[in-house]
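*Asks:* Residue-level listing of the chains:
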Amino acid sequence: MSDKTVKSLLTVSHLKTHFFTEDGVVKAVDDVSFHINEGEIVGLVGESGCGKTVTSLSIIGLISKPGKVVDGEILYEGQDLLKLSYEQLSDIRGNRISMIFQQPQTSLNPVFTVGEQVAEVLQIHRGMSTKEAWEHAVEMLSQVGIPSPEKRAFAYPHELSGGQAQRVMIAMALIMKPNLLIADEPTTALDVTIQAQILDLMRGLNKKMGTAIILITHDLGVIAGIAGRVAVMYAGKIVEQSTVETLFEDPRHPYTKGLINSIPILGRVKNRLEVIPGVVPNLIDLPQGCAFAPRCEARTANGLEICAEQMPDMTPIADGHEVRCWLYTDQDKPSPKKSL
Amino acid sequence: MHLDTEHIAPGEILVEVKNLVKYFPIRGGVLRRVVDWVKAVDGVSFGIRRGETLGLVGESGCGKTTLGITMLRLLKPNSGQVDFAGVNIYDLNTEQLKMMRRKMQIIFQDPYASLNPRKPIGESIMAGLNIHGIGTRHERVDIMLDMLQKVGLEGYYAHRFPHEFSGGQRQRIGIARALALQPEFVICDEPISALDVSIQSQVLNLLKDLQDEYHLTYLFIAHNLSVVEFISDRVAVMYLGKIVELAAREELFSHPLHYYTQAIMSAIPIADPKANRQRIILEGEVPTPINPPSGCHFHPRCPLATQECMLEEPPFLEVKPDHWVACWHIGLDIPVNSQLEEMPRER
Ligand SMILES: Nc1ncnc2c1ncn2[C@@H]1O[C@H](COP(=O)(O)OP(=O)(O)OP(=O)(O)O)[C@@H](O)[C@H]1O
Ligand code: SF4
Ligand SMILES: [Mg+2]
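Residue numbers (our numbering), protein chains in the order written: chain U, 1 to 340; chain E, 1 to 347.
Source of the hints: derived by calculation from the structure; they are not laboratory data. Glycine included, C-beta positions come from ideal geometry on N, C-alpha and C. Where hints are given, some of them may not hold.
What follows is a set of in silico ranges between Cβ atoms, one per label pair, in the way DEER data are often shown [to be verified]:
hint : chain 1 : residue 1 : chain 2 : residue 2 : range
1    : U       : H158      : E       : L75       : 23 to 33 Å
2    : E       : E313      : U       : K207      : 38 to 48 Å
3    : U       : P277      : E       : R137      : 27 to 37 Å
4    : U       : S142      : E       : S294      : 21 to 31 Å
5    : U       : Y156      : E       : P120      : 39 to 49 Å
6    : U       : H158      : E       : G43       : 24 to 34 Å
With the hints as constraints, model all of the structure from the sequences given.
*Replies:* Pasting the structure below:
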């Protein structure tokens, strides 16, 4: 439901990021388009290796050789991030757009205290004095739920548990009050009770500070509990996107349907789970046509020849609901309207 | 001493763990003296019934894997015993132990690490058969090909090496290897957590089918409660080296009695945005099993904790038929306090 008062914050259009390796070209991100509005939480969900991390690294300009953004546009507050200089981008990164990663411990510098690391962000971007920055850092550590922050600020990363280290990462990411946080599997390495704490914290900060969040995960459960809209990725492409309610109630893409039906859900005991046959494809020699075609039972059931020949475009099927699948795409029209 | 299982009817106890304790020493100083102990398994007792799947859930580091491998006598316990068909497996001599290894098998989390990279997978599957001198070479090959087919792999794969397979296929190979010896009891240690999401249900269904076909008894270790609910007949919940609750699946999931069980049930993300449930956010960190908290190990994170919980360990009691709990304050309803809230539905 597009509310006319919401403002789009970031719009990714037809992004292509490829890795030119010895074995061949890895099309890690291949024609990805989505947007996120101010204050919104958008989920990016997909299996390992489908291009979620490469998508987020492309947004913050951290793709390095042999990788390259080969096409597309990333509009953030009206400017194309792909056209900015390194300095301009550095200024936005960590200041207006922040990112947190799966392994919090390894993203922190082991030889500095966590207080110093959080404070440093302010010294760099705001030119604050050491003392002032430290005070702000302690305040931020308290906001992310670090107990006795004035003491814990003196701790080194190895002295923190995984959950606390992730809280520190969130404090560092949010201290500049960015309007966009990209969280890449922020809870995957954590235990379930600690995951619940971190997701709760992110929900709270989104509400309180209005930070928009792109949450990347392979866990449909995490998405269901936190996101407003979701994009499902498969083999470098978004194959379906909609509101979270629609995605779980009325999934349309055969992959999304298969995935939702194949996971056990607490409280809904079944005797057997549904199965997606076959294996996740290698991104180097992707089949021609729809990447899901070799595993797709809907294709065989509907006798769709075209799936193996040509990749379908993203096709709107309802307000705010798009699918990349020949079941919903008119084969006669040369190319349906490309939409965001 | 024999390991005959014929006298054990389905539903009767096949494997019984009695007060099992496994500590790992932490050494320090120049003399490498023992300075501390990791209390990985700290006095655990339960039985597994013939033909059932007992699920074992708990957070990382709570001792699940140590319990599993100690139960197979791959580690020596500090005290306690494990009876297989009524016989304490730690009392077996070499010959008997060899027999036991045929009957008790394990499937690991990381199928890649547990397969020999330089051996064609057919050889790996047959290794156990060779060791036990089962059949002629020809018969062994037949068993191997049969197992491959059972786990959904074509026979010609037998000549290929582990690196040529995907994670899901490797896990099938691990399953074929474990089942080639026709075991009666199989420990599945996180068998799907290293697999792609879209592959997990293939392996879960396969494990169920094989159980039906070969009347297997499983101990299924996992951290994912939804998976455990799907596969198990009964479920045990582990926290810091102890089993805190054990009951039949429906009973445990509809009437969890331990606060920790209630908390993990409410914390697990459910793939349904409409799921409306109580959300208990446990405070504090998962403590380490090095010098675990006194009394009830869970007391520092438990809102119900009293003096008693701090001082004395609660006994593991059968509070209802076939529902076991270790808690001083069971039966108390979840307190209505600031910790509880309806699941936030902000968008
Ligand atoms: N530096 C690199 N060189 C070559 N290929 C790469 C590089 N980085 C990523 N890739 C490839 O790009 C594809 C997408 O990777 P990406 O890390 O984005 O996946 P992901 O969806 O984040 O997976 P995960 O869930 O495992 O984190 C993979 O096939 C990966 O092997
Ligand atoms: S385009 Fe064809 S192969 Fe791809 S998901 Fe749709 S029906 Fe299946
Ligand atoms: Mg990733």
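*Asks:* Each hint: holds or not?
*Replies:* Now for the hints, and whether the structure bears them out:
In this structure, H158 of chain U and L75 of chain E meet the distance hint of 23 to 33 Å, their C-beta atoms being roughly 28 Å apart. Range check, E313 of chain E to K207 of chain U: Cβ separation about 41 Å, and the 38 to 48 Å hint holds. Separation of P277 of chain U from R137 of chain E is about 34 Å and conforms to the stated range, judged on CB atoms against 27 to 37 Å. Roughly 29 Å separates the CB atoms of S142 of chain U and S294 of chain E, a value that falls within the hinted 21 to 31 Å.
Our hint of 39 to 49 Å for Y156 of chain U and P120 of chain E holds, since their Cβ atoms are close to 48 Å apart. Between H158 of chain U and G43 of chain E the Cβ separation comes to about 31 Å, which falls inside the hinted range of 24 to 34 Å.
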